[in-house]
Amino acid sequence: MSPMKNKIFILLFLTSVGFTGIAQNSTDLVADQNPNYQISLDKYMSENNASDLTLLQGTTAQETYTAIDPMEEKRKRKALRRYYRSLRPLWRHQERLERAKNPYYSNRRYRNYNNRNYNHYNNNRWLNSQSLLNLGLLGYLIFD
Amino acid sequence: MKTIKKQLIIASLVITGALTLGSCARQVTRVNSDAQIDISGRWNDTDSRLAAEELTDEILTGNWLTDFMQANAGNKPVLIVGLVRNKSHEHIEAETFILDIEKALIKRQRARIVSGGKMREELRAERADQQTNSATSTVKKFGLETGADFMLQGNINSIVDAHKKQKVTYYQIDLELTNLQTNEKVWIGDKKIKKFVKN
Chain E
2 MSPMKNKIFI LLFLTSVGFT GIAQNSTDLV ADQNPNYQIS LDKYMSENNA SDLTLLQGTT
62 AQETYTAIDP MEEKRKRKAL RRYYRSLRPL WRHQERLERA KNPYYSNRRY RNYNNRNYNH
122 YNNNRWLNSQ SLLNLGLLGY LIFD
Chain R
2 MKTIKKQLII ASLVITGALT LGSCARQVTR VNSDAQIDIS GRWNDTDSRL AAEELTDEIL
62 TGNWLTDFMQ ANAGNKPVLI VGLVRNKSHE HIEAETFILD IEKALIKRQR ARIVSGGKMR
122 EELRAERADQ QTNSATSTVK KFGLETGADF MLQGNINSIV DAHKKQKVTY YQIDLELTNL
182 QTNEKVWIGD KKIKKFVKN
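From first to last, the protein sequence lines are chains E and R. For the first sequence, the numbering used here gives the first residue as 2, with consecutive numbering after it. For the second sequence, the numbering used here gives the first residue as 2, with consecutive numbering after it.
Bear in mind the hints are in silico, worked out from the structure with no lab data behind them. Wrong hints could be hidden among the right ones.
[To be verified] Reference excerpt, derived from the structure (chain E facing chain R, CB under 10 Å, subset only):
(1) Ser52
(2) Leu57
(3) Glu73
[Unchecked claim] Quick list of in silico lysine to aspartate or glutamate cross-link-like pairs, EDC-like style, CA-CA up to 16 Å:
(4) Lys199(R) - Glu73(E)
(5) Lys195(R) - Asp175(R)
(6) Lys186(R) - Asp175(R)
(7) Lys168(R) - Glu73(E)
(8) Lys199(R) - Asp39(R)
(9) Lys77(E) - Glu91(R)
(10) Lys166(R) - Glu73(E)
(11) Lys88(R) - Glu64(E)
(12) Lys119(R) - Glu96(R)
(13) Lys165(R) - Glu64(E)
(14) Lys108(R) - Asp39(R)
(15) Lys193(R) - Glu59(R)
(16) Lys195(R) - Glu91(R)
(17) Lys192(R) - Asp46(R)
(18) Lys195(R) - Asp46(R)
(19) Lys196(R) - Asp46(R)
(20) Lys165(R) - Asp53(E)
(21) Lys196(R) - Asp70(E)
(22) Lys168(R) - Glu74(E)
(23) Lys104(R) - Glu54(R)
(24) Lys166(R) - Glu64(E)
(25) Lys165(R) - Glu74(E)
(26) Lys119(R) - Asp53(E)
(27) Lys88(R) - Asp191(R)
(28) Lys141(R) - Glu127(R)
(29) Lys166(R) - Asp70(E)
(30) Lys168(R) - Asp70(E)
(31) Lys199(R) - Asp70(E)
(32) Lys141(R) - Glu122(R)
(33) Lys193(R) - Asp58(R)
(34) Lys193(R) - Asp46(R)
Glycine included, C-beta positions come from ideal geometry on N, C-alpha and C.
Please take these sequences and the hints and turn them into a complete structure.
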């Protein structure tokens, strides 16, 4: 076989392969189908994307909001208050346990910062509960 | 005299105790599932039932069904249920009324429903299991599932207007049926529920 004939055969083969490819492409596309559909197909065929979206089918996505409802808010506050009140014995118990563990434990919760009556240097209020009690006792002693 | 007094006191104590205990005991009675019982004013089974009834009626009488059957040689449409977004202020499970709609469509043989979501994954997992564990004559093949023609999606919205001890709650449930090939919405159904709650 001459090299010329060989070349013709190769050319014919390549042309036929090319035509087959074009024909294949044209059969994939239906009437009016976008030729760039493959880009979108690849995007949605990626494993994570597809499973994330389809797994939620038939379910309800709860995207709820909190409505302005004074009565409901009041009810919630009340429930929270009750809950904290129910926890108070537990907190006290824990405090007692801590105190038992450490004898020098100072309970800051019960410290009365406002009661400065015993501090005579800083006692600016002359009419306080202590003075009234003293006056009462004095009156009782005098007038009795 | 003293013994009678004592007996009277004991008897009164027993009666009081029995009454107190009796008043605390919980009472449970079976009622009809269609009975309308509103307790808190929130979304309840009655609302779900009303939504299911109206939406079922709307979807079954919609033109989309006849249009599809005429265009497809009398074949019934295949539906898949998509995601329903609850954008209201309450927790609402759409499954309670969506399943009623699916049931009505199957029962009246107006459409075919295919499984989706996690249930479909479970089915595929079972099919995969069959490939290695079941007798060859009973193995179900992959790649033969029925493709849906339409997807049913929805939204639940609400509006709350409350002042002092009065409240008006409005719910709107919208369902849409979209053609999977063309993204064309072929049917939109809604159910509106308005409640007036006085505390």
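Each hint, compared with the structure:
For the restraint placing serine 52(E) at the interface with chain R, the shortest Cβ-Cβ distance is roughly 8 Å, inside the 10 Å limit, so the hint holds. Restraint check, leucine 57(E) versus chain R: the minimum CB separation of about 5 Å is within 10 Å; hint holds. Restraint check, glutamate 73(E) versus chain R: the minimum CB separation of about 8 Å is within 10 Å; hint holds. A threshold of 16 Å between alpha carbons decides the hint, and for lysine 199(R) with glutamate 73(E) the separation of about 13 Å falls inside it, so the pair holds.
With a C-alpha separation of about 15 Å, the suggested pairing of lysine 195(R) with aspartate 175(R) holds against the 16 Å cut-off. Restraint check: the Cα-Cα separation between lysine 186(R) and aspartate 175(R) comes to about 13 Å, which is no more than 16 Å; the hinted pair holds. Straight-line distance between C-alpha atoms of lysine 168(R) and glutamate 73(E) comes to about 10 Å, which keeps the hinted pair within the 16 Å bound. Between lysine 199(R) and aspartate 39(R) the alpha-carbon distance is near 12 Å, which keeps this suggested pair within the 16 Å criterion.
As the CA atoms of lysine 77(E) and glutamate 91(R) are separated by approximately 15 Å, the hinted pair is consistent with the 16 Å bound. Proposed proximity of lysine 166(R) and glutamate 73(E) is supported: the alpha carbons are some 10 Å apart, at most 16 Å. Of the pairs offered as hints, the one joining lysine 88(R) and glutamate 64(E) holds, with about 5 Å between alpha carbons and a cut-off of 16 Å not exceeded. For the hint linking lysine 119(R) to glutamate 96(R), the alpha-carbon distance of about 14 Å falls within 16 Å, and the restraint holds.
Only pairs whose Cα atoms come within 16 Å are accepted, and lysine 165(R) paired with glutamate 64(E) is rejected, the gap being roughly 27 Å. For the proposed pair lysine 108(R) and aspartate 39(R), the alpha carbon gap of about 30 Å is over 16 Å, so the pair is violated. Restraint check for lysine 193(R) and glutamate 59(R): satisfied, since their Cα atoms lie roughly 13 Å apart, inside the 16 Å limit. As the CA atoms of lysine 195(R) and glutamate 91(R) are separated by approximately 14 Å, the hinted pair is consistent with the 16 Å bound.
For the proposed pair lysine 192(R) and aspartate 46(R), the alpha carbon gap of about 15 Å is at most 16 Å, so the pair holds. Using a Cα cut-off of 16 Å, the hinted pair lysine 195(R) and aspartate 46(R) holds, with the two alpha carbons roughly 15 Å apart. The suggested pairing of lysine 196(R) with aspartate 46(R) holds, with an alpha-carbon distance near 14 Å, which does not exceed 16 Å. With a C-alpha separation of about 44 Å, the suggested pairing of lysine 165(R) with aspartate 53(E) is violated against the 16 Å cut-off.
In summary, the hint linking lysine 196(R) to aspartate 70(E) is supported, as the alpha carbons are separated by about 14 Å, within the 16 Å threshold. With a C-alpha separation of about 13 Å, the suggested pairing of lysine 168(R) with glutamate 74(E) holds against the 16 Å cut-off. The suggested pairing of lysine 104(R) with glutamate 54(R) holds, with an alpha-carbon distance near 11 Å, which does not exceed 16 Å. With a CA separation close to 27 Å, the supplied pair lysine 166(R) and glutamate 64(E) exceeds the 16 Å bound.
Restraint check: the Cα-Cα separation between lysine 165(R) and glutamate 74(E) comes to about 11 Å, which is no more than 16 Å; the hinted pair holds. Restraint check: the Cα-Cα separation between lysine 119(R) and aspartate 53(E) comes to about 11 Å, which is no more than 16 Å; the hinted pair holds. Annotation: proposed proximity of lysine 88(R) to aspartate 191(R) holds, straight-line Cα distance about 15 Å (limit 16 Å). Only pairs whose Cα atoms come within 16 Å are accepted, and lysine 141(R) paired with glutamate 127(R) is accepted, the gap being roughly 9 Å.
A threshold of 16 Å between alpha carbons decides the hint, and for lysine 166(R) with aspartate 70(E) the separation of about 9 Å falls inside it, so the pair holds. Between the alpha carbons of lysine 168(R) and aspartate 70(E) the distance comes to roughly 8 Å, so the proposed pair stays at or under 16 Å and holds. Taking the CA atoms of lysine 199(R) and aspartate 70(E), the gap is about 13 Å. The hint holds against a cut of 16 Å. In summary, the hint linking lysine 141(R) to glutamate 122(R) is supported, as the alpha carbons are separated by about 15 Å, within the 16 Å threshold.
With a CA separation close to 14 Å, the supplied pair lysine 193(R) and aspartate 58(R) stays within the 16 Å bound. Between lysine 193(R) and aspartate 46(R), the direct Cα distance comes to roughly 15 Å. Compliance with the 16 Å bound is thereby established for this hinted pair.
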